[in-house]
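Colleague: As a plain string of letters, each chain reads:
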Amino acid sequence: MKMEINQAFDKICKDADAHIKRLSLIKGPRISIGMATCGIASGAIDTKKAFEEALKEQGIDGQIQTVGCIGHCYAEPVVIIDHPDSGFPPIFYHHVTPGKAKMIVQSFLIDGDPLFEYLLGATKENELIPQIYDFPRFSQEKRIILQKCGIIDPEDINAYIDEGGYSGLARAFQLAPDEIISEIISSGIRGRGGAGFPTGKKWGFAREAEGQDKIMILNADEGDPGAYMDRTILESNPHQILEGMIICAYAIGAGSAIVYVRSEYPRAIEMISGAISQAEELGLLGNSILGSSFDLKISVFKGSGAFVCGEETALIQSLEGERGMPQHRPPYPVQHGLGNRPTVINNVKTIASVPAILNNGGDWYRSIGTKDSPGTAVFSIVGNVLHAGLVEIPMGVDLKTLIFDICGGIPDKKKFKAVQIGGPSGGCLSSDFLDTPIDFDSLAGAGAMIGSGGMVVLDEDNCMVNIARYFLEFTQNESCGKCTFCRIGTYHLLRILDRITKGQGREGDLEQLKTLSETIIEGSLCGLGKTAPNPVLTSLRYFRDEYEAHVLEKRCPACVCRSLTAFYIDLDKCARGCDACVGSCPVDAIFTTKNRKKGVDQALCVKCGECQVACPPEYNAVIRVSPPEKAPIIEKSVN
Amino acid sequence: MSKKTHLDESSNLFAQEEAMLNDIRCRLKDYSAERRDLIPILQMIQEKYAYIAPITIQMVSDHLNIGACEVYSVASFYNQFKFNPPGKHPVKVCMGTACHVKGGDIILENFERKLEIKEGKTTPDREFSIERVACVGCCALAPVVVIGETVHGNMAPSKVEGLILGFQIEKEKQARLKEKQARLKEKRDADENGN
Ligand SMILES: Cc1cc2nc3c(=O)[nH]c(=O)nc-3n(C[C@H](O)[C@H](O)[C@H](O)COP(=O)(O)O)c2cc1C
Ligand code: FES
Chain A
1 MKMEINQAFD KICKDADAHI KRLSLIKGPR ISIGMATCGI ASGAIDTKKA
51 FEEALKEQGI DGQIQTVGCI GHCYAEPVVI IDHPDSGFPP IFYHHVTPGK
101 AKMIVQSFLI DGDPLFEYLL GATKENELIP QIYDFPRFSQ EKRIILQKCG
151 IIDPEDINAY IDEGGYSGLA RAFQLAPDEI ISEIISSGIR GRGGAGFPTG
201 KKWGFAREAE GQDKIMILNA DEGDPGAYMD RTILESNPHQ ILEGMIICAY
251 AIGAGSAIVY VRSEYPRAIE MISGAISQAE ELGLLGNSIL GSSFDLKISV
301 FKGSGAFVCG EETALIQSLE GERGMPQHRP PYPVQHGLGN RPTVINNVKT
351 IASVPAILNN GGDWYRSIGT KDSPGTAVFS IVGNVLHAGL VEIPMGVDLK
401 TLIFDICGGI PDKKKFKAVQ IGGPSGGCLS SDFLDTPIDF DSLAGAGAMI
451 GSGGMVVLDE DNCMVNIARY FLEFTQNESC GKCTFCRIGT YHLLRILDRI
501 TKGQGREGDL EQLKTLSETI IEGSLCGLGK TAPNPVLTSL RYFRDEYEAH
551 VLEKRCPACV CRSLTAFYID LDKCARGCDA CVGSCPVDAI FTTKNRKKGV
601 DQALCVKCGE CQVACPPEYN AVIRVSPPEK APIIEKSVN
Chain B
1 MSKKTHLDES SNLFAQEEAM LNDIRCRLKD YSAERRDLIP ILQMIQEKYA
51 YIAPITIQMV SDHLNIGACE VYSVASFYNQ FKFNPPGKHP VKVCMGTACH
101 VKGGDIILEN FERKLEIKEG KTTPDREFSI ERVACVGCCA LAPVVVIGET
151 VHGNMAPSKV EGLILGFQIE KEKQARLKEK QARLKEKRDA DENGN
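Chain order of the listed sequences is A and B. Counting in the numbering used here, the first sequence tops out at residue 639, every number present. Counting in the numbering used here, the second sequence tops out at residue 195, every number present.
Since the hints were derived computationally from the structure, they do not count as laboratory data. Quantities reported herein were computed from a predicted structural model and do not represent experimental measurements. Mixed in with the good hints there might be a few duds.
When the alpha-carbon atoms are kept at most 27 Å apart in a straight line, the in silico DSS-like pairs for lysine-lysine are as follows [stated by the list, open to error]: (1) A:K597 / B:K29; (2) A:K297 / B:K29; (3) B:K159 / A:K302; (4) A:K636 / B:K114.
Computed far set for chain A versus chain B, every beta-carbon distance over 10 Å [said to hold, decoys possible]: (5) E264; (6) E320; (7) R323; (8) K371; (9) N462.
Each residue gets a CB set at the ideal place from its N, CA and C atoms; glycine is no exception.
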């Protein structure tokens with residue numbers, strides 16, 4: 001049996017190899033364009049068109065290949081050009097607009113000049129161009145989950161197989177299901193969906209659970225409004241996820257599996273659906289996989305956009321056609337899940353780590369990261385940080401290294417204020433916590449959590465009360481309404497925060513925020529309510545002075561809360577000749593007096609800050625102050 | 001003259017609704033009558049028609065043999081389902097974390113002010129609608145607005161007016177073109193009749 005499986009897999013590998021060789025025989029340069037959602041949003045489609053046109057105009061034979069996202073979202077559209085005839089190694093270009101695309105074709109592909117000002121680096125070792133792997137953004141990362149993202153063509157199963165894909169599955173089929181589970185247990189991997197439950201244990205429970213028809217569900221209902229790594233992985237390397245799902249299903253003895261993915265992710269749905277049919281064609285899915293006696297069918301279910309449906313029992317409810325309301329646990333889904341069948345639900349990143357564990361062994365995985373949180377973690381880092389995007393690091397790296405070394409720190413020489421980790425369920429940590437290692441327990445100890453893996457970097461111009469209010473508005477909206485404390489408690493929390501940001505804070509508000517938060521945590525059934533107050537509690541703990549300034553002095557120290565700030569034009573700095581601010585104002589609130597002084601009509605001003613952007617930097621005359629009374633008054637009619 | 005077009009329009013709307021119902025009736029045959037098909041059915045209608053009309057809720061309830069209130073209860077729970085037809089140019093303002101930090105709410109307010117509707121609503125001429133969405137996946141370009149299928153990154157309040165104006169100018173251009181063609185046709189018809 002084992003031999004047959006090996007033979008079947010060998011044949012698949014050989015075919016893939018032959019296919020890839022045929023592609024590499026096509027002469028001329030090969031242009032890979034990052035076309036995941038982030039690339040497309042930044043204009044990659046136009047860039048691709050420009051390359052196609054330019055190649056045609058110049059009569060160059062070449063291949064244009066679409067790949068996924070490499071994680072460097074700040075540099076999109078990203079293009080890698082492999083042009084062996086030029087003598088240069090493959091080169092990584094950033095911010096490739098259609099205009100640059102045409103220039104690159106002319107200069108690099110025809111004249112042989114790689115245009116140093118547009119490139120980020122070479123993807124292979126060489127003596128001519130700096131290598132991207134020498135940059136901290138690359139060298140300090142450790143890629144297991146994202147390893148092939150942005151490198152291979154996600155729509156070609158052969159590309160994945162040629163890079164060693166599906167060998168973890170072939171290895172798994174050599175083992176008995178129990179042996180796979182012990183391998184996963186020995187790796188120590190904990191679920192990447194937020195709770196950090198040991199994956200091997202979960203699989204073991206499901207295997208032992210009574211009931212035939214077991215089922216495996218992939219949780220790709222990424223609901224955090226600022227995190228997008230699960231989507232990127234689905235879009236950039238769907239086969240790695242399928243491989244992990246098949247291994248999981250085999251280990252627990254499931255005959256069917258479901259990919260539960262948000263309907264807001266059309267491209268991810270397209271990619272994973274395409275990948276399923278390709279895998280079926282090659283006999284990697286369907287009946288008697290690789291000639292074994294194991295059958296598996298994977299279907300795709302589109303989630304309808306409710307944050308709470310990421311919670312496993314709510315997810316099951318929505319699969320059954322109900323409102324997505326969380327249920328009491330126990331019984332746990334591993335015993336009574338979808339249709340009362342034993343069900344394993346795992347996050348995308350958990351499952352994407354499985355093939356590598358099977359290939360390299362549990363001990364190898366355990367050697368990465370920390371003792372209690374082995375492996376790597378993927379974060380989507382956004383906000384006020386230079387190199388925003390997706391980063392995969394070994395657990396245990398500290399926040400400072402991640403934010404300042406790997407992601408380039410804060411732009412415009414601004415000061416770091418806080419980092420919000422874990423999206424709506426996470427917390428805000430101040431600069432005192434920059435030495436905290438990133439792992440499940442250290443972050444939880446500080447009041448935050450890895451949660452969804454969203455990370456927002458905030459600088460001195462961000463108001464912590466405003467951020468807490470933002471996340472609370474989100475969770476309040478998404479509360480399913482089942483538990484009174486979550487439904488009404490979050491509503492009142494939001495009302496208090498609203499008042500505070502509007503300068504109507506009262507004495508006792510801060511105490512009430514705290515007690516109300518604690519009550520919500522105690523009185524809620526599911527993780528949504530239990531974590532919703534986290535952003536408030538942590539910001540209150542670490543940035544109490546900001547809250548106090550809002551409540552007691554009616555002042556927003558970061559000059560963000562609009563009711564508490566005003567704009568004015570510093571007449572000493574204003575050149576008075578230009579009308580840049582007047583033209584930029586969307587509500588015509590800026591006026592010019594007879595002697596050409598500029599003033600802001602505070603009754604009209606909506607505080608959008610456009611005038612501040614429009615004012616030429618050499619004048620820099622638009623000033624924002626808090627409290628608003630500090631703005632000097634300029635009468636329209638008087639000189 | 002004006003009466004005629006009015007009549008035309010309402011009978012046109014009626015025909016459209018009829019066609020929609022027939023189409024959905026046909027498509028329902030692909031779905032089982034089991035409860036677990038409820039969300040996929042609603043998604044099919046939403047994807048095809050961009051909203052779920054009250055009359056279609058009744059159809060779904062008949063198909064699955066459950067109460068219309070059950071169907072509505074599920075449909076109204078999920079953010080994906082809308083009950084009003086969107087505008088021709090749906091404006092989706094990103095309210096994801098990165099966009100919020102960079103002032104997405106001010107962009108939203110500007111659209112609301114310029115179009116004179118609130119978020120979630122459609123303009124009376126059905127040209128524009130405003131919706132808030134969570135992260136559209138290009139946080140590096142924050143703040144972001146998606147109009148139709150086009151992503152507009154690095155938005156600024158002052159760009160809002162220009163964007164809306166662009167659509168209005170385009171519409172006027174189309175109207176003029178149509179008028180011109182109609183005139184040409186009238187002329188041709190007259191010429192032919194004359195011959
Ligand atoms: C409100 C809420 C939202 C959640 N959202 C997600 C999500 O988007 N993706 C996810 O994988 N897990 C999410 N979870 C966690 C799941 O309930 C579950 O723990 C996880 O999918 C298990 O997978 P893992 O063991 O691989 O982490 C959420 C939990 C809660 C309480
Ligand atoms: S938050 Fe707006 S695009 Fe990500």
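Colleague: Tell me the hint numbers this structure goes against, listed in increasing order.
Modeller: Going through the list in order, the structure violates hints 1, 3, 5, 6, 7 and 9 and respects the others.
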